[in-house]
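Protein chains: 2
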Amino acid sequence: MKLATLKDGSRDGQLVVVARDLKTACIADGIAPTLQRALDDWNFIAPQLGELYDRLNAGRAVNSFEFESQNCMAPLPRAFQWADGSSYVNHVELVRKARNAEMPDSFWHDPLMYQGGSDDFIGPCDDIVMCSAEWGIDFESEIAVITGDVPMGVKVQHAGEAIRLLMLVNDVSLRNLIPAELAKGFGFLQSKPATSFSPVAVTPDELGDAWKDGKVHLPLRSSWNGNLVGQPNAGVDMVFSFPQLITHLCKTRNVRAGSIVGSGTVSNKDAAKGYSCIAEKRALEMIATGEPLTPFMQYGDSIKIEMLDKNGKSIFGAIDQSVVEADGV
Amino acid sequence: MKLATLKDGSRDGQLVVVARDLKTACIADGIAPTLQRALDDWNFIAPQLGELYDRLNAGRAVNSFEFESQNCMAPLPRAFQWADGSSYVNHVELVRKARNAEMPDSFWHDPLMYQGGSDDFIGPCDDIVMCSAEWGIDFESEIAVITGDVPMGVKVQHAGEAIRLLMLVNDVSLRNLIPAELAKGFGFLQSKPATSFSPVAVTPDELGDAWKDGKVHLPLRSSWNGNLVGQPNAGVDMVFSFPQLITHLCKTRNVRAGSIVGSGTVSNKDAAKGYSCIAEKRALEMIATGEPLTPFMQYGDSIKIEMLDKNGKSIFGAIDQSVVEADGV
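Sequence order for the protein chains is V and G. Heads up: the first sequence begins at 1 in my numbering, then just goes up one per residue. Heads up: the second sequence begins at 330 in my numbering, then just goes up one per residue.
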């Protein structure tokens, strides 16, 4: 099943069911007005959405219309939780190595995870609006899951059962604000502006064989200003699976329906697979030449993030955003 | 105006208007079913709630009933944002001094703030359920505001206009998990379990003269196992006002209606005012004797947090919780 949220002027948007080929959609209003509402009562609502999805795919849905990513908000335009892991430890090690910092060995068995802001997500084709290009604007291509309710202390073998939907993420980061902010010790705040998500969220079964062991075994494609700069396989070098990340988050508290848990920037040890964020490219340059050569994103730059299935079809639709300067700066 | 959310079996509870004396309440269902809904359209909804509040205070509200804190959820049982500052820099300096760590001078002009989990708040009288008493369970008595929409880059002189409501907070902390978690560099996650809030949220005008310069000029009373252990004045030694904290949060992103921004643990330089968290007491002991003497909270311990007006009347109702062991640990 594929779900999206259309812009309708409201804060939570309009839930729609989207056909597998992403060409048509159908309003789910008679079933659930918003995705959060569906997640709040998933076991009752999901089968009804699933029936509509089947009719839509069969060309039998009444009042279906053309689906356009440009009209999408994030599947959850605002969420009660956004916790982002750092599962591709290779990425962390590279970035640290570039600044001559040792990575603690514990990072290989104790996940890094930060609590992100979730009140103001932006849509897949919305502009990345910034007050300064000096902040070091970077994209981060990731995968995220949306959970149901998960009890405190959940065991890893049960955590996977709570995964309701998957999405792609652009976890925009302000690299030049990060060092001073992390040095204060309280984690990211100003250095993580509004996050964007793929047009559609999909149930795990949509991934077929590619969804295995709580990981997505497909390349995640990032194109910066139209050039493909990364296609690492999200199933390779992911040290912590999504169930492990959820278990980490649930150690001391309950996690409630509609929580979003991210994978962190997708990265393979094989450098030929390219990069999912500019910081990693710069880290490689730093290690090779002693200085970073590639600048961060500038006003007017674009970033496209997409994942194709084995037949070359887009699974989630594409995140496709441009960086623009805020009015009145 | 005073607002609360009653337990009704739903995730967001039932919005009620509460009389100024906290003795009676009235369902606001014809106006807005939940507090988030009221915040989403505050300029339209608040005047209607205000009229009901006036009728309730005058004893003319239809279907009013006895108000009981035990039936309350947090005013926002789940929220789209919870960002907690550390405005009482004295507290930060003390805790650091106890472990022989210098506090950077920048902490006096650049606020510390962390992004907290907001998907699973607990009510004012709900148990603090923990899987281990070895985690170093501590209370933290604070004040928080709930905001409306605030645009990215807001100036401090406008940030105060976005403050809709105030609450008390128990920002429960797991002290023995904090050092290792902060050392990882990504901020608090497991060391900050579910947060609880006062029974009612109040509009700033309810504080009268005590609301001045974006600070609450009244003592915040913390009683641990029935003993008053702290009554620092929240208006004293608050280095960053609420408008300054909101401005900090908005530097790189929009903040949306229903965001909660906290003051951090209230603390006065005058040690005679006592403490709002055990960590501070232990820091003072460490500085005086070389070792912390007071243990953290144990199963069965209680914590009561309250603020009285100049006539000795409770403004927000009391947070009054006990620590209990999770089932099946």
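These aren't lab readings, by the way, just hints derived from the structure by calculation. Computed from a predicted structure; not experimentally measured. Worth double-checking, as some hints may not be accurate.
[Claimed, not checked] Every beta carbon over 12 Å from chain V, so not counted as near; a handful from chain G, in silico: (1) Ile-356; (2) Asn-400; (3) Val-584.
[What the hints assert, rightly or not] Some chain V residues judged to face chain G by a derived CB distance under 8 Å, without partners named: (4) Arg-78; (5) Leu-207; (6) Trp-211; (7) Gly-214; (8) Val-255; (9) Ala-272; (10) Lys-310.
From the three backbone atoms N, C-alpha and C, an ideal C-beta is built for every residue, glycine too.
These are the hints, each one checked on the structure:
no.	hint	result
1	Ile-356	holds (21 Å)
2	Asn-400	holds (20 Å)
3	Val-584	violated (6 Å)
4	Arg-78	holds (5 Å)
5	Leu-207	violated (25 Å)
6	Trp-211	violated (24 Å)
7	Gly-214	violated (19 Å)
8	Val-255	holds (7 Å)
9	Ala-272	violated (29 Å)
10	Lys-310	violated (35 Å)
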